[in-house]
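**Student:** With the hints as constraints, model all of the structure from the sequences given.
These protein sequence lines map, in sequence, to chains A and B.
In case it helps, my numbering puts the first sequence at residues 297 to 682.
In case it helps, my numbering puts the second sequence at residues 2 to 333.
Derived by calculation from the structure, the hints in this document are not laboratory data.
None of the values given here were measured: they were computed from a predicted structure.
Ideal Cβ positions, reconstructed from N, Cα and C, are used throughout, including at glycine.
Hints may contain errors.
[What the hints assert, rightly or not] Distance windows between CB atoms, simulated:
(1) A/P533 with B/P235: 49 to 59 Å
(2) A/D452 with B/T46: 42 to 52 Å
(3) B/W86 with A/P471: 32 to 42 Å
(4) A/E436 with B/L129: 41 to 51 Å
(5) A/T355 with B/Q171: 49 to 59 Å
(6) A/R463 with B/M163: 23 to 33 Å
[Said to hold, decoys possible] Reference listing, derived: stretches of chain B covered by chain A, where coverage requires no fewer than 3 residues with Cβ under 8 Å from a Cβ of chain A:
(7) 67 to 81
(8) 181 to 193
(9) 263 to 270
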Amino acid sequence: MYTNRIITTAIFMAFLSISCGNGDNGNGGSLPGSGGGSSAENRIDLLGAGATFPAPLITAMADEYRDLTNNRVTLNYQSIGSGGGIRQFMEQTVMFGMSEAFLSDEVMNNIQQSTGGRAFNMPITLADVVPTYNIPGIGEGVVFDGELLVEIYMGDVTRWNDPKIARLNPDLDLPGLPITVVHRSDGSGTTNVWTSFLSRVSERWRNRVGYATSVNWPVGIGGNGNEGVAGAVQNTPGAIGYNSFTYALLNDMSYGSVVNASGNVIEPSFEATSEAANIDLPEDTRVLFTNTPAEYGYPIAGFAWMLIYENLDANNAISNRREAEELIRFLIWSITDAQEMSESLGFARLPETALERNFAMIRQLKWNGELLGASLLEDHPLAASL
Amino acid sequence: MSTDKDTRKNIRKLLRNPSAIYRRPGDLLFTFLVVTLGISIILLTLSMAFVLYGEGSAALREFGFFGFVRGTTWDPAVQLVFGAWPFLLGTVTTSVMALLISILPAIAVAIFTAEYAPRWLANIIDNLIQLIAAVPSVVIGIWGIFVLAPWLRDTVYLPVFMWAESSYPQLLPILGNPMGYGMTTATIVLALMIVPYTTALTKDAIRSVPQEQREACRALGATRWEVIRMAILPYARGGILAGAILSLGRAIGETMAVAMLIGNKNTLPFTIFGAGATMPSVIVNEFREAVESLHLSSLMAIGFTLFIIALIVNLFAAYLTRKFSIKGGQVI
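**Tutor:** This is the structure in structure tokens:
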């Protein structure tokens, strides 16, 4: 009886200490000396937080990078969502943020004033969104164009045998099934990309609904997460939704092709997504390239950005020059060599234009006025060629 | 003999000065511990309310508290206007309906297990009910998405919809789109989820009815049903009501399963079968990716409103328990 009580108390105390440990989010992953083989002083922990969409890629990169550096550099990435990523980045509790929406002018100005330097938005990977549907008897390859998707999501086109759908798909025998519109209910970068495409092709959509991570949907039901939308679409005959391309591929969903700005019918693929971003990007890469002018680019795609301060010393989360140096090293690796990992994980590679812009931004990264990024890039083979 | 005298003297001293009991070190330590923990709960609650209010104050200032609560537009993209009315309505409708659906079955189960069932059967039922309470709500949500919602759509919603379409087309706007994910599905799942709470609390209330009460009633020649109706239910009604209200609190705060099944439509009007939204569901949906500061502040303000509603429900439960519980000497 007495031993029982002792054991119970011990277990309780253990739980207590575990839960206390988890509460310490600000410095998560800074347990010293747990890395095998290298001494505690040598170890560097990089800390980032933000969007959930690129999380699988970043986590895989982190594993790979730890192996590459013999456990010397570890990366702790918390996928708390773009909004949280931007907030933690501004509060300087993380070394870099990650977001599927670029920083607004207001935020950029605030950061300029408070740190005396800019905030850089560096594309690190690409998000692509495909229309998914459940039409009994019809598989992949239904063709949509922007205007049609707007009318469906506005509730104007309500049946699958509508002449507007038939016009784009003359070979298909579409049923007279009512269309059930499904959208994401949670705020998400997927929604941001999807609605920005609809805003680009239709003034009516831009003025009434606009684009954001969550919007005021005119019709339809909301599913929570990619899986919620997929569940609702797959369970409802006649449903149309949108999912990230990877998710649709992995779950054998029927997805459609989309007509791009040049009038070409583009079937979603990683190449077509990369191609979409292979356009003349502005210097700060803060651009939505949905409805891309690229001739064979897939029109519903966007960047996921890594957010980083120009003056790295102004970020309270970075405490010394070595940490800043390792952060830049990781950044360079992640946009170059690490891009090889993209396709196998379901992500599209960064196009050359984005890489070029990234290099230009990295060259401006400073530590106490010293151009740290430029010196680290000096002997990089790719940077020299671009 | 003398020790006896000492003890008596000590007791007399204690009675004259009750605080003397706290002077022993063990007692002192224990008192300190209990008082600290007790006060920390109060502080925790207050600081929670304070943080929710503080974070939500930007939205509450922008729209005014009542303007925010009564506002019907939730537009995070173009107008940046936020109003909680659809979510408030959704929360109240689903949770009250869920309570109404679940309360009779829950009371019946409690009466059966407490009064009728043999011990072994009562134990089995108790365990199963506790099992339902222990299932994580996200699991119930998944079950709802893949099993309950399609089943309800095919066997209930669509037939009712077809029938209304042919006989009473004026009903269609009230019924709404019968796609399976919507207010009714969410309400049914909520009812299922709060049954264990209502049942457990009702059973406790019934068990706490003194045996003498039952025996007196039987002695007057009452049948089993009459004992329940005349002796047990009136005596237990305060506890039963309080249990029901606490379950209502659970239903109001339930988040994941509702967010997965309610269809998440942020605009009025809500329909019977159609999609809707509740206050917790919109918070869990939009919090992670709320980039605009007013958007985030509005979500916090919804949290604050929810906090107030929960407070009202709890106060109401306390009031009901006091008003309806029987302390003896009353005519019932």
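**Student:** Against each hint, give a clear statement of whether it holds in the structure.
**Tutor:** Going through the hints against the structure:
| no. | hint | verdict |
| --- | --- | --- |
| 1 | A/P533 with B/P235: 49 to 59 Å | 53 Å, holds |
| 2 | A/D452 with B/T46: 42 to 52 Å | 49 Å, holds |
| 3 | B/W86 with A/P471: 32 to 42 Å | 38 Å, holds |
| 4 | A/E436 with B/L129: 41 to 51 Å | 45 Å, holds |
| 5 | A/T355 with B/Q171: 49 to 59 Å | 55 Å, holds |
| 6 | A/R463 with B/M163: 23 to 33 Å | 31 Å, holds |
| 7 | 67 to 81 | holds (count 6) |
| 8 | 181 to 193 | holds (count 3) |
| 9 | 263 to 270 | holds (count 5) |
The structure fails none of the hints (numbered hints given earlier).
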